[in-house]
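Asker: If you want the building blocks of each chain, they are given just below.
Number of protein chains: 2
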Amino acid sequence: QGGSSSSFRDDTYASIIEGLKKIYSNKIKPIETTYNFEGFHSPPLTDSDIEAKPIVLLIGQYSTGKTTFIKYLLDREYPGSHVGVEPTTDRFVAVMNGVEDRVIPGNAAAVDAQLPFRGLNKFGQTFLSRFQVSQLSSHVLEKMTIIDTPGILSGDKQRLDRGYDFTAIIEWFAERADLILLLFDSHKLDISNEFRMAIHSLRGQEEKVRVLLNKTDMVDGQQLMRVYGALMWSLGRVVQTPEVMRVFLGSFWLEKPLNVFEDCRTLIESEQKDLLDSLRELPRNATVRKINEIVKRARLAKVHAYIIGHLKKEMPAMFGKQSKQNELINGLDKEFIKIQQRHQLAPGDFPNVEKFKRGLGIYKFDKFHSLKPQILEKVEDALSADLPKLITKFPPGNRMLSHAERNPFGNSE
Amino acid sequence: QGGSSSSFRDDTYASIIEGLKKIYSNKIKPIETTYNFEGFHSPPLTDSDIEAKPIVLLIGQYSTGKTTFIKYLLDREYPGSHVGVEPTTDRFVAVMNGVEDRVIPGNAAAVDAQLPFRGLNKFGQTFLSRFQVSQLSSHVLEKMTIIDTPGILSGDKQRLDRGYDFTAIIEWFAERADLILLLFDSHKLDISNEFRMAIHSLRGQEEKVRVLLNKTDMVDGQQLMRVYGALMWSLGRVVQTPEVMRVFLGSFWLEKPLNVFEDCRTLIESEQKDLLDSLRELPRNATVRKINEIVKRARLAKVHAYIIGHLKKEMPAMFGKQSKQNELINGLDKEFIKIQQRHQLAPGDFPNVEKFKRGLGIYKFDKFHSLKPQILEKVEDALSADLPKLITKFPPGNRMLSHAERNPFGNSE
Ligand SMILES: Nc1ncnc2c1ncn2[C@@H]1O[C@H](COP(=O)(O)OP(=O)(O)OP(=O)(O)O)[C@@H](O)[C@H]1O
Ligand SMILES: Nc1ncnc2c1ncn2[C@@H]1O[C@H](COP(=O)(O)OP(=O)(O)OP(=O)(O)O)[C@@H](O)[C@H]1O
Ligand SMILES: [Mg+2]
Ligand SMILES: [Mg+2]
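First to last, the sequence lines map onto chains A and B.
Just so you know, we're using the numbering used here here: the first sequence kicks off at 1 and counts up by one.
Just so you know, we're using the numbering used here here: the second sequence kicks off at 1 and counts up by one.
If you're looking for bench data, these hints aren't it; they were derived computationally from the structure.
Please note: incorrect hints may appear among the correct ones.
Any copy, or any two copies together, can satisfy a pair, since identical chains are not distinguished.
Unchecked claim - Listed below are the simulated DSS-like cross-link pairs for lysine-lysine, each with C-alpha atoms no more than 30 Å apart in a straight line:
1. K312 / K256
2. K372 / K188
3. K393 / K334
4. K338 / K312
5. K188 / K273
6. K357 / K338
7. K71 / K338
8. K364 / K122
Treat the numbers as computed from the prediction; the structure is a model and nothing was measured.
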């Protein structure tokens, strides 16, 4: 019994993220801004980009216990939450950490630069009136943002009653999520259409998807096996990945009544623990992903600096600037090879030549900065010392699941 | 613990089969022999055709516990059985009831008119030397014949080592079986190729197939769930039927050691009970099937008698027999309609006209028997009184499984 809020207190990853922010702004961002990285690739990262919390997306038919699951995790209700047997949650809710309880309506949330929801504007007013951010102070939410969603309805009802494109919204959140949890109700049977819809809207995101077969103690052990088996059977048919999707058995709620079935209690407890563990792994995984992204970005920024510095150096001091610039653009592939040879850079780290040519169009090469060793040294430093050192701060992870998750019946030919 | 031999003693169906034999030979067979039924359809049934026991076919990779399962059912080993960790059973064994322990080699068994194995001759000597009948006296075997098979090996080994077409043999038995039990070992993982092979050779027989995930107490509850889930996932992909295949969890052996996992004991016991129940249902199902076949046969024999009697009646007493016979054959479709109208017979009960014409070729119509009311009355009697009365002798069945076997995630559109 009891929520699980307190077990999310570990702050290891927060300090790694702090370190990452420092390395980026002191050692990588300078080379980006000096050599016009933004014009060819993407704008500099902000602190809030790097801090952005992993997102957990909950999806399921109505009344499968999505909102109740969040209540269990937080050990309390989030501001504006509704739990009940009818379809109750009538909007998408981003449940986020905050200093105090606060509800931000969708319209306001979608223009707030501090929140990662500006992309939702394109779905229009009808949707935004069905979206909100609910803030509260919680150890769990220091580690992740949770998206509660309205229960999936069957085909027509979905389209007619809502007035916005439910599936498109689910896809938007699914792309941005770090973990997608699909909930099913062990007790409630005929859910075929909704089931298929949910799975289809998650195509391409399969490796993030976990399934929770919820309310497992409302049926006896044998019924549970039948339902679980039927679920796996059907998932096997709909999901295209070779790996078996991980399905957790559980019953997540705080007000557990006395008359529940107990015959699979040990099993269900271990399963619940595994699901909570994989939520606890999220900050780790998200942090690993962010470090990898920044390493990739730093390598690209370094190569970019060499290219820009090289083009600057090739420019004549006085006359014939325009014709030299044109000559360099036309022979850019040969210039790339020269740069690779001169600085021992891997061709694979170089951007696409044609795309780069198009990026060059708006610049005057003689306005570029020349190569400055002290800026380059900073990136080299980040890549060879600071970032590797950050990785050593990771506590050893929980990799025990991987073996059990393997499909013994998979096609190994 | 202990086998289950004693719980198969119920003799209800034996007495129904006795009744069926009497009805057939007294009331249906006479009409067949009087009106040349054999020449157009099939030879008269023998007592041993009607008595034939339901067949249970066991299939699985080697060491999944097929032979041990039989030992559990019979509460003893069958003559010539081998149990062990290496591939042990090296032949197909039909385990049948008999007054005493006896092993009949394949060659002898395949020529014995009392045994249902004459069809195996076509597979040749190499196979017959790998086939045997093992007889022993057992209450279980009074109700069914069990086919033990050599463990499935991976692709090439299967073909090279055996010297006969394993898959063709499996198909032959599968067609004749009333229940096909596919065994898997919860403890042993990589079995992909064999698994696929086994399933593919059972195409078209899916409704007879049940799966036993065996040795379930050799892994803990969570591992069992993973294995069971992966099995269902893979079955869902390979098996084409919309209905979920029934998978039983169990561990069937007599010498259960002490150090087995106990966390799913209640569940496994219920599952084992269900599997044994469905074996106990076999005589009932096989008996129902036989009654249905004989009802169909009696209706066909009745219609057949009307056709033959009609053709006889249409023949002239003295001259022009051949030309009248030809005229009747050419206009046989019109004669069929006359017969239907005169005797109020359903067109659907009539045989295919063209096929019937071909059957008529070798007969002289004036040698046919005329319609004899007392023979016809017997069939009518069988259809309207005797066979329905036989059905009332059925004890109420166990239909509880059907709901649980339904797939709640199936496509209900
Ligand atoms: N683990 C559980 N076992 C049994 N009942 C539960 C469990 N979790 C939730 N419930 C009950 O199921 C009902 C639906 O719960 P809840 O509102 O959390 O579902 P939901 O998925 O958020 O539904 P909606 O999509 O309509 O918002 C409530 O009555 C709740 O008390
Ligand atoms: N329920 C069970 N739990 C644990 N071990 C078992 C169980 N049933 C059988 N075994 C063991 O597994 C091994 C293989 O058993 P068995 O010979 O019956 O398998 P089989 O399927 O008949 O194999 P083959 O295809 O080679 O004939 C034996 O060592 C047996 O004792
Ligand atoms: Mg809800
Ligand atoms: Mg064997």
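Asker: All the hints need checking, so say for each whether the structure fits it.
Answerer: Evaluated hints:
1. In this assembly of identical chains, the alpha carbons of K312 and K256 never lie at most 30 Å apart, being 70 Å within a copy and 81 Å across copies at closest.
2. When the C-alpha separation of K372 and K188 is checked against a cutoff of 30 Å, the pair qualifies neither within a copy, at 66 Å, nor between copies, at 61 Å.
3. In the homo-oligomer, the alpha carbons of K393 and K334 never lie at most 30 Å apart, since the shortest distance is 42 Å inside one protomer and 93 Å across protomers.
4. In this homomeric assembly, K338 and K312 come within 30 Å of each other (Cα to Cα) only inside a single copy, at 14 Å, whereas the closest approach across copies is 104 Å.
5. In this assembly of identical chains, the alpha carbons of K188 and K273 lie at most 30 Å apart whether taken from the same copy (24 Å) or from different copies (26 Å).
6. Proximity of K357 to K338 under the C-alpha cut-off of 30 Å is restricted to the intra-copy arrangement: shortest distance 16 Å within a copy versus 90 Å between copies.
7. When the C-alpha separation of K71 and K338 is checked against a cutoff of 30 Å, the pair qualifies neither within a copy, at 60 Å, nor between copies, at 78 Å.
8. With identical chains, the CA atoms of K364 and K122 are never at most 30 Å apart, being 36 Å at best within one copy and 87 Å at best between copies.
Violated hints, listed in ascending order, are 1, 2, 3, 7, 8; each of the other numbered hints is respected by the structure.
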